[in-house]
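Protein sequences appear in the order of chains A and B. Residue numbers for the first sequence follow my numbering, beginning at 668 and rising by one. Residue numbers for the second sequence follow my numbering, beginning at -6 and rising by one.
Just so you know, these hints were derived from the structure itself, not from any lab. Quantities reported herein were computed from a predicted structural model and do not represent experimental measurements. Worth double-checking, as some hints may not be accurate.
Stated by the list, open to error - Per the computed footprint, the stretches of chain B lying under chain A, defined by three or more beta-carbons under 8 angstroms from a beta-carbon of chain A, are:
1. 92 to 102
2. 144 to 154
3. 170 to 182
4. 187 to 197
Note that the Cβ used here is the ideal one computed from N, Cα and C, for glycine as well.
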Amino acid sequence: MSGLTDNLYLLTPEFALAGLAFLVFAVDLLLPEERKHLLGWLAVLGLLGLVVLSLLLLPGKEATLYGGLLAIDGYALFFKVLFLGIGVFIILSSIDYVKLHLTHPGEFYGLLLFSILGMNLMAQSRELLTAYISLELLSFSLYVMVAYALGNPKSNEGSLKYIIIGAFSSAILLYGISMVYSSLGVTRFEGISAALSSITDLRPALWVGLALIIVGLGFKLAAAPFHMWAPDVYEGAPLPVTAYLAIASKAAAFALLLRLLAEAFVPVGDRWDQWQIIVAALAALTMLLGNLVALAQRNLKRLMAYSSIGHVGYILAGAAALSPDSLLGANGIIFYLVGYSVTSIMVFAALIAFFNATGQEEIADLAGLADRQPLLAMAVAIGLFSLGGLPIFVGFTMKFYLFTAVANAGFLWLAGLAIFTSLISLYYYLQVIRQMYIQPALAAPLPGEEDNPDNEHSSAEHTHTPSHHLPHDDYEPLPRPPAALLAVVVLGLIATVALGVYPAPLLELVEAASAAILPGG
Amino acid sequence: MSNFDQSALLLIILAPLAGALLSVFLPRGRPNDAWYFAIFVSAITLILSLLLFARYDFSAGGYQFARTYEWLDAPLNIDLSLAMDGIAAPLVLLNGIVLFGAVLISQTIKHRTRDFFVLLLALGSGVFGVFVVQDLFFLFFFYELAVLPMYLLIGVWGSSTDFGSFVRTKEYGAMKLMLFLVAGSVLIWIGILALYVAAGQAGSPTFSLVTLGELSQSGHFGPDFQNWVFPLFMIGFGVLAGLWPFHTWSPDGHVAAPTGVSMLHAGVLMKLGAFGIIRVGMALLPEGAAAWMPVLIVLGTVNVIYGAISAMSQRDLKYIIGYSSVSHMGYVLMGIATLHPVGLTGAVLQMFSHGIMTALMFAMVGAIYERSHVRDITVLNGLMKRMGTTSFFFAIAGLASLGLPGLSGFVAEFMVFTGAFRTYLPLAVLAVIGAALTAVYILRLLARTFFGEADPQWEHLTDASPVEKTVGAAFVLILLFVGVWPAPLTRVINVSVESALGLF
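Using the sequences and the accompanying hints, generate a full structural model.
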């Protein structure tokens, strides 16, 4: 076993990321209030630098640090670059939002950087406790970020729920880890797989432990039936934080889950065959519930919350399809995570731009957006078509890939269910698109409404008062979004189409990543 | 092989798609620019489709212009393989013609014109793609691409219908169409995955239609498998072909759609469904097809009769044509289900013929509605006096649709009946009765609306514009040409029909 300090230089990006976060905190103290938005740009530049550093330093490196706790491999590198990239785009999308709506930008960016550090470590962890600590680093940053809209009671409520449920699920996870340790005497992933293969009869404590770990991770992923916190938290959180929750924290939790399954359980062989069905059942429940409940939503954030639960269901179906002798399932999951992130960032960036201009976030408020700000409408429409699984966008290709993997692993019924729930999701995505493209723009709020900004904009109210509707050519155009948001939206559009029609280069990288954790494939 | 043969199929898919992407960058608010550009793009595809049809060597038969572009290698194994056979050739030509016509007719779209043509061209690209790909992934890709733009095309530029007691809004038509078609593609997708898994168990996981066909012929797909997978394709594709009882989206969708979109949708898109049953269902699952064809022919007959009776009871011009499409697609489904060379050739010819005549009808109705803002046949009267050319073209299309000898509809339906008489005699008799019903509603419509007493309230109506006249005249000539001399089409269709039926 290698010493604790061997090859520590391979963790340079992580150390540098922590340093960057502290740098942001420090510079925050020196900058005057009106120039604090520069902190966002500092974080973006730092993250881009870290991407370059990681790509120079890490490719081809294979090592296990700290006596088997952290892995340096292609899988970790892939997700590191993905997380840093997501961080860059989320910060670019939030600079204006933070300037307009939030106080204490320094802490906001600093916490975001710490959460990225947590995510990077999650993708690298090869041991349960390390994974747990990385997960907590992410979670704690998120607890604070959700509460960041100080004056907004929904934000506070969401954060409180998030902390309580988060602490609860952490306890469950930790309890599960302790029971697994008491049964097997190991916490390292490969140790678990070795122990599971050699033990002939499994003690109940081990079963309970594994179940608790699944439940704990299920809470973090917002997989049904452990999803109840997600909609309230998504709705309460400031919009960029909602985006971050829906994209980055999901991707990180799956990065952790995928490595855990691939290294600890898939190699076990026969037993994995029995456990697959549990994951499959969880996936089926999650995709059904997320997509069905999304049908009833009127708030954009809640809609995206339930829609993301649906997508978690699809990815879990991919997790059920993992197999020791095929990379198809792992490829499918990673490809899906990338495609989902790219598309969602674009949608959220457009929604943030819309919110910055109007302060609205109900689905009905989007009425006439195609006339008021065509680019934003197009980005949201293409993003939602993509999430609904239509070509030529990445959503179609990634769903086709993932569902093929699921079917190929013997779960044709699950793939069928996933395809069917995709159809359901198309319905509620189309409702949003209908508002933007078919409904005419709404008139400016009536004087009475202006006095009361908390007025609930229910869609029913709008549709029953035709006086609110203006003819098509008499709408109020929205101001052009600032350059940073525009760049995110345009890059997102390009990536959504490019990955949809020609994913081969990405899939080569994906395959290298999944080969690192599933050597048998 | 010349350079043209090598790249023509790729070009015909990419040209409209590239046109759509480029159109996004046209300036907003200059509707004519977008229209001119769309004319340019669709003229290219029209020329390509004519050349492809002309250069298809029917004496050699089989798949021609084949070309494969690597797309994804193992473990998924997806290639963009393109090839065109004699069944696809007339349909490619049909799409080239109708797309061009639909773009021309859409001169009247003045609201968000650019977006309209972006979506219309994307749709055209999807249709071309389905006809010429040799890989299930891409077949499904283009199939969905053809469906995707419909929601916005109908929802934004369509029109609602007021029935007095209730209103069928365009949003309703668009959503209904979208959900039905995507529900159909859910079944298709499951079927595709089932085929992939079965091919994997046979040792070569693939989506390639060619490889899958070989596996099928060497007996790797057992009868049980075929019997449960074929109906997935039959119903999945059947939804788009207007198969009863999954046809209800079709009249609502066609009526709500703007003229150009109705033309493309009834004219070409519905043919994708029938084509899918032939290309995927019959070619890969012959045993399943043979087992299910009695069901399909019964449903097809119901289509013919039910569509005709429904059309008889409609008062809205577009609803009449919409239900008439349901009825005529019934002949296509019947022709397929006969599994008889004459019947199947008739089915493909009927796809072409119905595509042209229904597009012509929708174009002319669009011209009438544009001017009168009415589509109710009890209100419209004596249009022949005011809109002579329009009425004349509509009458020709109507006569083709009721099967008047000398027009294309007669040849196609006659072949379908011949095939059906040799295989399912009682149903063939019913189908002939259906053709008689068509005559009832078409002649009644012509008599009342076009040749009836001139109503002074329509005196202000002007006749078709030069663009509309050009499209109408061209389509009428095609109907006449095919009716008088169908050989150029049938000899191309027949050679591939023979080899498709060789599996049975």
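Going down the list of hints, with the structure as the test:
{"no.": "1", "hint": "92 to 102", "in the structure": "violated (count 0)"}
{"no.": "2", "hint": "144 to 154", "in the structure": "holds (count 4)"}
{"no.": "3", "hint": "170 to 182", "in the structure": "holds (count 6)"}
{"no.": "4", "hint": "187 to 197", "in the structure": "holds (count 4)"}
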